[in-house]
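Protein chains: 2
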Amino acid sequence: MIAAARAALPAWRDAGPAARVGLCLEILARLNARSFEIAHAVMHTTGQGFMMAFQAGGPHAQDRGLEAVAYAWEAMSGVPATARWEKPQGKNPPLVLDKTFRMVPRGVALVIGCATFPTWNGYPGLFASLATGNPVIVKPHPMAVLPLAITVETARAVLKEAGFDPNLMMLAVDTPDAPIAKELAQRPEIRIIDFTGSSEFGAWLEANARQAQVYAEKSGVNPVVIGDFADFAGLARNLAFSLSLYSGQMCTTPQNIFVPRNGIRSGERTLSFDEVAAGLAAAVDKLLGDADRAAEVLGAIQSPATLERLDTARSLGMVVRASGAAAHPRFPDATLRTPLIVAVDARDEDKYAAELFGPISFVIATDGLDQSIELMQRTAREHGAITAAVYADDPAVLRRAGDAAAEAGVALSCNLTGGVFVNQSAAFSDFHATGANPAANASLTDPAFVAGRFRVVQSRVPVPSAAAE
Amino acid sequence: MIAAARAALPAWRDAGPAARVGLCLEILARLNARSFEIAHAVMHTTGQGFMMAFQAGGPHAQDRGLEAVAYAWEAMSGVPATARWEKPQGKNPPLVLDKTFRMVPRGVALVIGCATFPTWNGYPGLFASLATGNPVIVKPHPMAVLPLAITVETARAVLKEAGFDPNLMMLAVDTPDAPIAKELAQRPEIRIIDFTGSSEFGAWLEANARQAQVYAEKSGVNPVVIGDFADFAGLARNLAFSLSLYSGQMCTTPQNIFVPRNGIRSGERTLSFDEVAAGLAAAVDKLLGDADRAAEVLGAIQSPATLERLDTARSLGMVVRASGAAAHPRFPDATLRTPLIVAVDARDEDKYAAELFGPISFVIATDGLDQSIELMQRTAREHGAITAAVYADDPAVLRRAGDAAAEAGVALSCNLTGGVFVNQSAAFSDFHATGANPAANASLTDPAFVAGRFRVVQSRVPVPSAAAE
Chain A
61 MIAAARAALP AWRDAGPAAR VGLCLEILAR LNARSFEIAH AVMHTTGQGF
111 MMAFQAGGPH AQDRGLEAVA YAWEAMSGVP ATARWEKPQG KNPPLVLDKT
161 FRMVPRGVAL VIGCATFPTW NGYPGLFASL ATGNPVIVKP HPMAVLPLAI
211 TVETARAVLK EAGFDPNLMM LAVDTPDAPI AKELAQRPEI RIIDFTGSSE
261 FGAWLEANAR QAQVYAEKSG VNPVVIGDFA DFAGLARNLA FSLSLYSGQM
311 CTTPQNIFVP RNGIRSGERT LSFDEVAAGL AAAVDKLLGD ADRAAEVLGA
361 IQSPATLERL DTARSLGMVV RASGAAAHPR FPDATLRTPL IVAVDARDED
411 KYAAELFGPI SFVIATDGLD QSIELMQRTA REHGAITAAV YADDPAVLRR
461 AGDAAAEAGV ALSCNLTGGV FVNQSAAFSD FHATGANPAA NASLTDPAFV
511 AGRFRVVQSR VPVPSAAAE
Chain B
61 MIAAARAALP AWRDAGPAAR VGLCLEILAR LNARSFEIAH AVMHTTGQGF
111 MMAFQAGGPH AQDRGLEAVA YAWEAMSGVP ATARWEKPQG KNPPLVLDKT
161 FRMVPRGVAL VIGCATFPTW NGYPGLFASL ATGNPVIVKP HPMAVLPLAI
211 TVETARAVLK EAGFDPNLMM LAVDTPDAPI AKELAQRPEI RIIDFTGSSE
261 FGAWLEANAR QAQVYAEKSG VNPVVIGDFA DFAGLARNLA FSLSLYSGQM
311 CTTPQNIFVP RNGIRSGERT LSFDEVAAGL AAAVDKLLGD ADRAAEVLGA
361 IQSPATLERL DTARSLGMVV RASGAAAHPR FPDATLRTPL IVAVDARDED
411 KYAAELFGPI SFVIATDGLD QSIELMQRTA REHGAITAAV YADDPAVLRR
461 AGDAAAEAGV ALSCNLTGGV FVNQSAAFSD FHATGANPAA NASLTDPAFV
511 AGRFRVVQSR VPVPSAAAE
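Chains as they are written, first to last, in the numbering used here: chain A, 61 to 529; chain B, 61 to 529.
Please note that the accuracy of each hint is not assured.
As the list claims (entries may be wrong) - Here are the simulated lysine-lysine pairs, DSSO-like style, with alpha carbons at most 30 Å apart:
# : chain 1 : residue 1 : chain 2 : residue 2
1 : B       : K159      : B       : K147
2 : B       : K346      : B       : K242
3 : A       : K346      : B       : K346
4 : A       : K147      : A       : K159
5 : A       : K147      : B       : K411
6 : B       : K159      : A       : K151
7 : A       : K346      : A       : K242
8 : B       : K151      : A       : K346
In case anyone wonders, no lab produced these hints; they're calculated from the structure.
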């Protein structure tokens with residue numbers, strides 16, 4: 061497969077940026093036409109509810125792919141294909157050179173897909189590498205093969221129609237019992253790796269796949285800071301949705317909700333720590349009270365490991381809201397779980413500072429807003445975070461939280477009470493992860509995400525007429 | 061020093077791209093005003109002739125710094141400081157968010173200077189890091205401290221005048237007996253390292269300073285391919301200058317000159333391999349025949365290690381041109397050496413495939429043009445190369461050489477016979493190194509050189525009026 065990828069490289073490299081970007085756009089357009097098929101594939105492999113599988117797995121993933129192509133185009137088109145260089149030499153004729161600049165790809169790229177968002181997390185690296193001239197081998201998560209198989213099939217058809225070697229995009233499928241990612245990742249021919257998944261494997265890649273440029277989105281511990289805030293109902297409604305959406309199986313789901321142990325002011329009222337925690341639990345109950353809606357919002361649990369984690373997490377503190385099973389109206393065999401909310405103390409950092417992926421969150425009693433902000437910053441900096449949220453009426457508090465989040469390199473959402481949620485990030489408007497804390501070493505998508513995927517090699521020759529003078 | 065750098069960071073980060081870039085430009089303008097002082101400092105520390113020390117150490121180095129600042133500005137200004145995001149919601153009011161985007165630096169940057177081109181090779185990383193918000197610790201080569209000391213002094217004065225902490229730029233001087241680069245480079249606070257120097261230390265940095273983004277220019281083996289070429293006199297004159305300039309102590313100096321063992325056609329004549337080799341030797345003799353000119357072109361030998369290398373290299377093959385001492389008219393104690401040219405066979409790859417830094421080159425007998433091009437490509441790919449050159453009247457040969465150089469990731473100069481030399485690379489027009497072969501993992505300067513030096517951290521908040529609807 062690697063040999064086939066390398067054989068496909070020269071013609072793709074020589075086709076140049078415009079041809080490559082054009083074909084990437086065509087692949088995206090064809091994927092867009094298959095959005096419903098991809099949505100069903102994502103739903104049945106990841107357990108996402110259909111609406112989310114359609115949005116995040118279809119158009120939003122395509123948006124992220126398109127964004128990567130746009131950045132790739134910007135990076136490549138910033139270098140001219142040719143230039144005439146002239147240097148005056150006083151009374152003598154000027155020095156004149158014609159220069160040509162070729163974009164050369166790094167080599168064969170590997171995309172290691174994830175189990176929960178195979179297309180949304182896979183497309184940015186896949187399209188960034190392909191657009192910049194690198195053949196791509198896609199190694200899907202063994203539990204979420206079909207969405208990327210459809211993707212690769214679509215890409216191969218477009219490439220073949222345009223006269224290119226379809227082996228510019230290949231699917232390397234493995235099984236949980238016989239994984240191939242480590243072997244593939246260490247091959248000297250693999251020069252770029254895009255990975256979304258566990259911190260453990262991400263760190264392994266960075267340490268062991270040193271021949272490659274590794275773009276890794278790993279795990280994080282996403283904090284929420286709650287201060288004095290009038291619209292507590294809106295806060296609770298909004299956070300309840302964030303905690304419930306896809307049963308918290310998002311790298312953007314909040315985990316640690318910091319609340320002063322002396323409670324908060326909410327307009328005219330004072331809410332105790334227990335009232336804040338209970339209010340969040342009640343909002344989750346209300347959101348999930350309707351079985352149809354609950355099934356759509358929660359989706360199914362993707363991995364048995366998440367069920368085990370959920371089972372052990374309830375002993376970590378005082379259970380504010382117990383996780384329960386839920387029935388799916390159309391898929392009776394689906395495994396659904398509602399969010400678990402556990403109350404702990406700020407000093408129990410050993411319990412809440414590691415990521416507990418899935419519908420598990422903590423309401424954490426702090427000495428006050430200062431400690432909440434300090435813990436948001438420190439846990440994000442030390443353990444990584446992809447999102448952070450703050451609720452406060454006082455603009456000065458928002459500014460302080462903004463400074464702390466900037467120090468910790470984590471994107472901050474302020475006072476979300478309506479139809480925007482902290483776990484959502486929109487292509488062309490939100491950067492997903494920053495690369496500035498341990499949760500990821502790259503961002504979707506900024507110039508750094510594409511700039512290193514190709515190199516510029518120039519040649520220059522004196523202009524004959526000038527040389528003859 | 062690291063603590064002082066970190067303390068200086070927040071205000072510099074918060075000043076924003078425009079202020080930082082403005083001050084970088086001011087530093088460059090003041091350095092420009094000190095060009096003659098810097099030229100003397102470069103001459104006396106590196107052994108460069110005065111004209112070269114002035115050009116390469118002064119304005120050309122400043123050009124490379126300015127180029128890095130320009131790329132940094134382009135990368136940072138591509139991200140808006142603020143944006144209003146609006147998403148239609150059918151009959152309901154749109155979702156409206158105000159978003160702010162902050163550039164945050166990676167951390168403390170380290171510039172490890174080199175002995176031969178302290179400013180030219182040091183300024184790109186120094187200015188790229190500073191412009192993107194990172195405090196910079198400059199660790200000069202212990203034999204070339206003064207040029208970077210003047211640079212740091214100038215930068216500190218500008219920063220202080222503008223109300224910033226001058227510790228944004230500091231000089232960390234060591235000695236050959238008590239080097240500090242390894243200890244500094246491994247400090248967890250050091251997040252960016254720019255290095256120019258040996259492959260050995262560059263590889264050590266990449267393996268051991270894993271907490272940092274390492275931009276390393278290491279050594280290479282620069283090839284020249286000579287095919288059938290009418291203007292042999294121009295070829296020989298041009299190459300003789302390239303081999304002699306600063307006694308070959310440039311990372312861009314040609315080392316391996318591949319010539320068919322059956323000779324070449326040059327217009328009406330056939331030149332045997334020996335005649336080509338002798339022609340090159342004669343052109344060097346002619347160039348250096350005038351003692352004043354020879355002193356200016358050759359400069360002095362920077363390091364005793366180069367003298368030793370030169371001494372042993374003459375036994376590697378048949379000496380075509382012996383290296384000799386030369387006297388400097390103004391500096392009688394200067395150690396000058398003229399180029400050594402040794403003839404070897406293509407099969408003696410163990411002799412010519414490693415870099416022999418200094419005035420040492422090989423004329424290598426090949427089976428013909430095909431082997432010459434193959435060896436150019438393979439040695440560059442395996443051992444690294446920063447420059448390559450080809451001489452051929454046939455455009456088809458130039459194209460083949462161009463393809464081979466692109467495959468090997470090395471910049472190619474074609475048919476240089478006049479006033480442009482393969483070892484020269486002009487800011488704003490030539491990329492110096494490509495990052496696509498072992499000679500360097502970065503290029504001066506492309507978007508990849510600056511994009512990873514900062515991250516973008518955003519925050520977002522619903523727009524009050526829209527939220528109230």
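Each hint, compared with the structure:
no.	hint	in the structure
1	K159/B / K147/B	13 Å, holds
2	K346/B / K242/B	45 Å, violated
3	K346/A / K346/B	92 Å, violated
4	K147/A / K159/A	13 Å, holds
5	K147/A / K411/B	38 Å, violated
6	K159/B / K151/A	56 Å, violated
7	K346/A / K242/A	45 Å, violated
8	K151/B / K346/A	25 Å, holds
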